[in-house]
Each structure stands twice: as C-alpha cells, then as structure tokens.
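**Q** On the provided structure of chain A, position chain B as indicated by the hints.
Residues per chain, in single letters:
2 protein chains.
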Amino acid sequence: MKIASIETIPYEIPYTHPLAFASGSVSTADHVLVRVTTTDGVVGSADAPPRPYTYGETQSSIMETIGSLFSPALVGTSIFDREKIHAVMRRTIHNQVAKGALDIAIWDAIGKTVGQPVHRLLGGYTDSMRVSHMLGFRPAAELVDDAHRMGEDYGITTFKIKVGRRPLSLDIETIRALRGALGDEVELYLDANRGWTANEAAEVLRNTTDCDLTMLEEPCDAKEAMSRRRLVDRSPIPVVADESAPTAGDASRELLNGGCSAICIKTARSGFTEATEILGLCTGLGVDVTMGNQIDTQIGSLATVAFGAAHEATSRRAGELSNFLDMSDDLILDPIAIRDGRISVRETAGVGADIDEEKLAAYRSDR
Amino acid sequence: MKIASIETIPYEIPYTHPLAFASGSVSTADHVLVRVTTTDGVVGSADAPPRPYTYGETQSSIMETIGSLFSPALVGTSIFDREKIHAVMRRTIHNQVAKGALDIAIWDAIGKTVGQPVHRLLGGYTDSMRVSHMLGFRPAAELVDDAHRMGEDYGITTFKIKVGRRPLSLDIETIRALRGALGDEVELYLDANRGWTANEAAEVLRNTTDCDLTMLEEPCDAKEAMSRRRLVDRSPIPVVADESAPTAGDASRELLNGGCSAICIKTARSGFTEATEILGLCTGLGVDVTMGNQIDTQIGSLATVAFGAAHEATSRRAGELSNFLDMSDDLILDPIAIRDGRISVRETAGVGADIDEEKLAAYRSDR
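For the record, the sequence lines run as chains A and B. Start counting the first sequence at -8; every next residue gets the next number (the numbering used here). Start counting the second sequence at -8; every next residue gets the next number (the numbering used here).
Same shape as in the complex, but just chain A (with noise of 0.2 Å):
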C-alpha cells in the first residue's frame, strides 16, 4: 500500500459546446490525468483540469509540479499517511489542481484498497447528487432553450446564470428573461467570476430583487477589499467565495474579513482532504457551501458526487456537475447519468470512475 509510482497522462477532448464566462473559455479540454500505483498494485485515478485563468496551472505545470516536486519525495510512502502527503506537498505554494487530483487518486487507491466506496469513507450521507445546470454567456433565447431542455430531459431544476459582463442591462435583462420563461419553480443564482465590480454587483442586486436569486458568487475581484466587504455586509442573499478562497486558508481569512458569507468547495482543487477541513471549517462557522464544477469531466463529476453526497451540508443545494454535458467525449468507462435532476454515487471500491484504456490511449497527447 505504498506508492510505488505516479504517473502524469496529458490529454486532450474537444467540446461540442465551447463554455464561456468572464474570466475566460474553454474550448478542448486539455487536461491530465493522473494516476497513482501502489505496491500492491492497485491504481488510483483522478482528472486534473487546467485553469490558468483561476489557479495559474497549465497542463504542464501540473505535470511537472507532480512528476519533478511531488513523485520523487512520495515514493515509497503509504497512501494512508495523509498528512505526510500533504506535508510534502504544502511545501509547494499554490498548484491546487495539482495537489487535488493527487489527493483524489490517492483517495481512490485507499478505497480499492480497503474495498469500500470513497463516498462511504467520507461520510456516506446519502447516495445522490441533485444537479444544478451552468448557463453561459449567449443570447436569453438560447439559455431559456437550453434550461428547458436540461428540464425535460434530465429533470434539473436549478440553475446557475454566468454574468458578470458590461454594461449589466445585458445581464439583468438575462435574469429576467430567465425568471419569466422558466416560471417560479426553478432556482436561479448568479456567478460574476470577477467580471464586475462589487458597487456594481449591488447595483445588479438591487435591480433583481423580485426576482428570487438564491446566490452570487464571485462578484468582484476579491482584491477589492473595502467594497466588497460592504457588499456581503448588505447583500440580502448569500455572497459565495469561489476562486477568492481556494484553500482553507484563504476560506478563512475572507470569512473573517467579511469578504464572502459562503465557500463553494471544488474538489478539483481541494481534492477530499483540504474539502474535507474546509467543510469543517464552514459548518463550524455556520457558513454554507456550495459544489462547484471547474468545468470537469465525467472523471471529475463522480469525484465531486462522491464528497457532496457523503456530507449533509454538502448536499443540501445542488451541485454543479453537468459541465461533462458540452465535451464530445470522456475517458470514464461507465459514463454518468443525470436521472430526476440528480446524479448517483457509485457503490464500487474507490471514487467509482474507471478509465476506458482505448479512449485514453486514443486521446492521450504524448504519444
């Protein structure tokens, strides 16, 4: 059970849809996928997805933080020893993705390894996630077809709308048209990913109060200190912290500082053990969180299920786990499906997403 190996696996999937926001867009998803071989022979996996635009990694930052830093200082330690792991990888500033899918997979050999499913070893709170829907950056006409449709075919009733743009006539007049086409039944929130500044996210607030958000996320840049503080201080509706608090740390300090009054917790940079201790930290504090989707893949996805649904706060609002929907492929055997809104935990031993070898070495691109 100790790591005898770690390799680092570039890939790349185009999207069907190409996903915009206002911190940036994706188009292929050139991510990595990582995997961890025990001495026992069992491999954990996890899915490593690139943002420079939220965590300054690119697919080959990541592969060299966890061949060049990490591989060589992990070998030969167990992968129950956790907090040596982690130990060794705090030495490296920042790198979240990194560190998260490497503490995926490692969660992942544990499971196989103790024959359980990661999402009972976690908690084991329920066995599904319900699913919220990201709409982006295209006409209302569209975003109203598309929730539709997410409805009708998936059952998904919850929605997150991307705004964050100038001038914000363009995104109230989104909202609303969201609001009246979709009826009262649906949740509707917001995700600024920065694109704003906090007076004017309050002004978007104040121009959208009959129309029954839930959330904002990301407002502004959390760089702006004093405004946003006064912004959450107002907010009527929670203010979630997204990129502005990637690590418990950073949860902390902008807890304290007033700069949010919710934390959404993505297992993509967080793998299970930081998610673990932000959760902690936030249902200590009487904060809620969110799950958030870094635009994964159906790898991914499972790993978020797998930390949502194991915990009661984690649960309790939707979960962003639908971005999969847009790629024109994956490298899971057993592909997701999103039934009555919501997406199953997988009762196999480890986080339950296997790799189709073909598809990997089909879409693998260093070879």
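Among these hints, one or two may not hold up.
Said to hold, decoys possible - No farther apart than 25 Å at their CA atoms in a straight line, the calculated lysine-lysine pairs in the DSS-like style are these:
1) A/Lys(-7) / A/Lys75
2) B/Lys(-7) / B/Lys75
3) B/Lys75 / A/Lys75
4) B/Lys214 / A/Lys214
5) B/Lys75 / A/Lys214
What the hints assert, rightly or not - Residues from chain B that keep clear of chain A, each with C-beta distances beyond 10 Å, as calculated:
6) Leu169
7) Ile228
8) Gly240
9) Glu245
10) Thr274
Keep in mind the hints are simulated off the structure, nothing from the lab. Every residue, glycine too, gets a C-beta built ideally from N, C-alpha and C.
**A** Only chain B this time, still in chain A's reference frame:
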C-alpha cells in the same frame, strides 16, 4: 517602441554558501533571464528567480507562462501601455515571479527608450539604499562572525535573523548571542518564514523583549487567521507580511483583516508596477514597508535598489540586498559594490543591470 519579441533564457549559477531557511533552501540559482526586445531594437532585461516554496513557480513554469501565455498576447503592444500589458497578465492567476520579471524588463526597455535611469522615472528620491544582511540557519558563533565580517568589509549594520525553528530556544539563544556580541548599535529583526505557529511567535517575542528587535516577518502560516490577528494586535513591533501578501490584493486584505501591520515589497514578485500599487496602499494607510530579497542575483538586487531608492517610504529602512554575495558568479556586466553599508543606483538609462553576454553563454542551460 512596440514589443517585438520576449525571450526567456534559463541559466544555472551555483552558490558558494547554500542558504537555509524555515520554508526551503537554495544551493543553485536556477533562474530565468527575461528579455524584451522592442521594434526599435532596445533590449530590456530582468531576472526571474523561481521559488516553488513561496510562489509555486519553477524555472520551466516561468518560461512557459511567459512564452506560451503572455508573449503571444503581448507582441505588438507598446512598452508604454503598461495597463494593457498588465490586463493581459492578470488573466493568468499567480505566477508572480514571471509577471514581475516581465514588468521589470519592460521598465528597463522604457528607461532605455527615453534615455533615463528607471529609479528617476519611478520617483528619484535618493541615490542609494542602505543594506540589510540575512543571517541563515547556522550556529550562533558562525552568525556572529558573519555579521562582524559584513560590518568590517561592507559597513553593514542591519541584520535579519532567520528564525522559525523548534525548539524555540534554538532561535531565542541565537537572538541573544547576536545581540550580545554585536552590541546595541546594530539593528536586528526576525523572519520566521511561517515556521512557527502564531502562539509560538508570541512566546519568542515575550522572551526577547530586552533584545531590541525592530520587526517580525511571517511568524506563522497566514491561514492561522484568528491567532495571527491576535499576535499582530498585541505585538510590540510591526509584524511584516511577506509571502502572505505577494500582491496588492493580498496586502489590502491582510491589512484589513489584521493579519499584519507592515508589508514587505519584493520587486522580483511584484515588478515595479504592482510594487507601486502596493506602496500607494501602504503609504495611504500609514503602514511601514520593507524592501525584501527573493534570494536575488545582482540583476535582481539592482532592480530592488532602483525601486527602493526611488521613494521616501521604501528607502527609510534598510533593504535586503546582500544575498548575491553567496553566489559564485552573476550575469551582470558591471558588478555591484557595497560601500559604507549602501548600494548606489545606476545613473545609466534603464535599470542599470547590463548583461555580460559571455557569462550568459556560459551559464545558460538551454544550449
């Protein structure tokens, strides 16, 4: 005066005396020389020292960030349009050292284009900076000898003691030995590089009240938000944020959050442009600044001198400018002299650190 090309040249120069500190150690300068050539044929240079244990960057990530993410977007932009250049760099998160070096190289090119020394373009307050010397993890007797030699050879009278070890007595005894041997005239301050907890730092301060220490830098991990706030609130001396406040946004949040009461500015991670923003924040709030060293070469140290001497607030305290003394060589054409404890600005156009092309050819590691 448009950017025609951006080069990143990796090189390696060994240290004669490896430096050890609480967050890492350095035995070879495996840096990147960044060169910006304009359409007029002006070449601006800067040094990028990778510090994975502080900023998560490696030699290859710096080269990739500048080469793959920044360069394609910046070629064709005027070197004077710094706000546009920074808007491009901001799209990528972190990678502070890559951004800092590119900014300084652009300022060097600006200085050469307009025929002015950059320290004058930045403010022109004075013509030299007082030097602080860093005393690393070695037996107290050796540190005393080192400090004496620095006084005799270079006239240096300000010393930063690297601390952050356990048991705390190790550092407390070192502090006492240095104060006892060096007398009351020298300035001594501490840098724990996050090695202690906030409460351990408080214990060291309580046990060294008679040692006339002037500052305590990075006592603990900034994620200890609540304990650190308590330490800062009660500390009799300024608590300096260094690696916990690498950007203007981090500085404002740490200051508002009570995580520090002074800010260390390092041009290697902030360039001149963001350093100016951080300085404005600090002078506006009435908060002390120090000019820090990122284990810089002479090229990097001259950049620090150019920025530090340019402003009243940054030249008030001694700058950390002597780490280059431990290097076996340097790429600089005209070496730095430390006289009467000071380093002078260069009155040539640009930053003043011209490159010795023969040495560059000898030390570059890409050919």
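**Q** Against each hint, give a clear statement of whether it holds in the structure.
**A** Here is how each hint holds up against the structure:
1. For the hint linking A/Lys(-7) to A/Lys75, the alpha-carbon distance of about 12 Å falls within 25 Å, and the restraint holds.
2. For the hint pairing B/Lys(-7) with B/Lys75, the CA-to-CA distance comes to about 12 Å; that is within 25 Å, so the pair holds.
3. Under the criterion of a C-alpha separation no larger than 25 Å, the hint pairing B/Lys75 with A/Lys75 is inconsistent with the structure, at around 43 Å.
4. Among the hinted pairs, B/Lys214 with A/Lys214 is consistent with the structure: their alpha-carbon atoms are about 17 Å apart, no more than 25 Å.
5. Between B/Lys75 and A/Lys214 the alpha-carbon distance is near 19 Å, which keeps this suggested pair within the 25 Å criterion.
6. Its beta-carbon lying about 28 Å from the closest one in chain A, B/Leu169 satisfies the requirement of being farther than 10 Å from that chain.
7. B/Ile228, annotated as away from the interface, keeps every beta carbon of chain A farther than 10 Å; the closest lies near 22 Å.
8. Chain A draws B/Gly240 into its interface by the beta-carbon criterion, the shortest separation being 2 Å against a cut-off of 10 Å.
9. Not every CB of chain A is more than 10 Å from the CB of B/Glu245 (nearest about 8 Å), against its label as outside the interface.
10. Annotated as non-interface, B/Thr274 keeps its C-beta farther than 10 Å from every C-beta of chain A; the closest such distance is 17 Å.
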